[in-house]
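Asks: Okay, here's what each chain looks like letter by letter:
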Amino acid sequence: DAKTTQPPSMDCAEGRAANLPCNHSTISGNEYVYWYRQIHSQGPQYIIHGLKNNETNEMASLIITEDRKSSTLILPHATLRDTAVYYCIAPGANAGGTSYGKLTFGQGTILTVHP
Amino acid sequence: GAGVSQSPSNKVTEKGKDVELRCDPISGHTALYWYRQSLGQGLEFLIYFQGNSAPDKSGLPSDRFSAERTGGSVSTLTIQRTQQEDSAVYLCASSLVWTAYYEQYFGPGTRLTVT
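Chains A and B supply the protein sequences, listed in that same order.
Residues 256 to 370 (our numbering) make up the first sequence, in order.
Residues 467 to 581 (our numbering) make up the second sequence, in order.
There's no promise every hint is true.
[Said to hold, decoys possible] Cβ-to-Cβ under 10 Å is the rule here; a few derived chain B residues that face chain A:
#	residue
1	L509
2	V555
3	F572
[Claimed, not checked] In silico DSSO-like pairs for lysine-lysine, Cα to Cα no more than 30 Å straight-line:
#	chain 1	residue 1	chain 2	residue 2
4	B	K523	A	K357
5	B	K481	A	K324
6	B	K523	B	K477
7	B	K523	B	K483
8	A	K324	A	K258
9	A	K357	A	K324
10	A	K307	A	K357
11	B	K523	B	K481
12	A	K258	B	K523
Think of the hints as simulated: they come from the structure by calculation, not from any bench.
Computed from a prediction, not measured in an experiment: that's the story for all the values here.
Virtual Cβ for every residue (Gly too), placed ideally from N, Cα, C.
Work out the full structure, taking the sequences as your base and the hints as a guide.
Replies: What follows is the structure in structure tokens.
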């Protein structure tokens with residue numbers, strides 16, 4: 256696994272964009288970056304993943320820097336229900352580029368969305 | 467469709483007793499994962515199954531922990547001679563195959579309390 260570093264906590268006003276950074280400077284060329292979140296008392300929930308191109312789905316956007324040493328998860332219009340712990344994970348990959356299934360969850364970023 | 471289910475949702479046991487935790491994955495998912503989350507701690511990987519085999523048991527904390535999966539479906543995590551430090555939420559997840567590329571769907575967890 257590549258080591259990932261995230262700020263321990265962030266605040267965001269409801270309706271504004273939440274930008275959650277992640278540093279993964281040791282990531283190798285074929286390793287994807289995955290984002291999950293965990294809302295209080297629930298199991299983690301997948302959000303998005305990417306390799307080197309920016310990605311967008313119905314939940315969020317993922318911006319990966321050109322050197323792939325960092326990325327930012329963007330929740331474009333945060334709501335109170337987005338309050339959760341957000342995890343950035345780089346699980347590693349085999350020579351063929353297949354990501355390993357074992358997810359190593361660090362401490363993540365506690366995002367608090369306030370009215 | 468049905469998601470990942472776990473039973474029991476809560477289990478209180480006395481120190482030294484054995485416990486069994488059950489996970490029913492999403493139908494058709496060949497990969498199954500066990501994690502645990504201790505109070506105030508992050509999610510810790512325990513073991514995964516691809517089909518009925520468990521290639522990576524490195525995350526099991528001690529030889530008191532074991533897991534099996536039968537018929538490529540239901541999995542049971544067994545903790546023998548429980549200790550107070552085993553108190554945690556045990557989470558099960560499943561995915562189509564063993565790679566992070568396919569989203570892991572988490573169950574609601576079993577909260578284990580050892581008194």
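Asks: Please go over all the hints and tell whether each is borne out by the structure.
Replies: These are the hints, each one checked on the structure:
1. L509: Holds: closest Cβ of chain A sits about 4 Å from L509(B), inside 10 Å.
2. V555: holds, 9 Å
3. F572: holds, 3 Å
4. K523(B) with K357(A): holds, 11 Å
5. K481(B) with K324(A): Status violated; Cα separation ~46 Å.
6. K523(B) with K477(B): holds, 24 Å
7. K523(B) with K483(B): Holds: K523(B) and K483(B) sit about 22 Å apart, inside 30 Å.
8. K324(A) with K258(A): holds, 11 Å
9. K357(A) with K324(A): holds, 21 Å
10. K307(A) with K357(A): Measuring from Cα to Cα gives roughly 21 Å; hence the hint holds.
11. K523(B) with K481(B): holds, 24 Å
12. K258(A) with K523(B): holds, 21 Å
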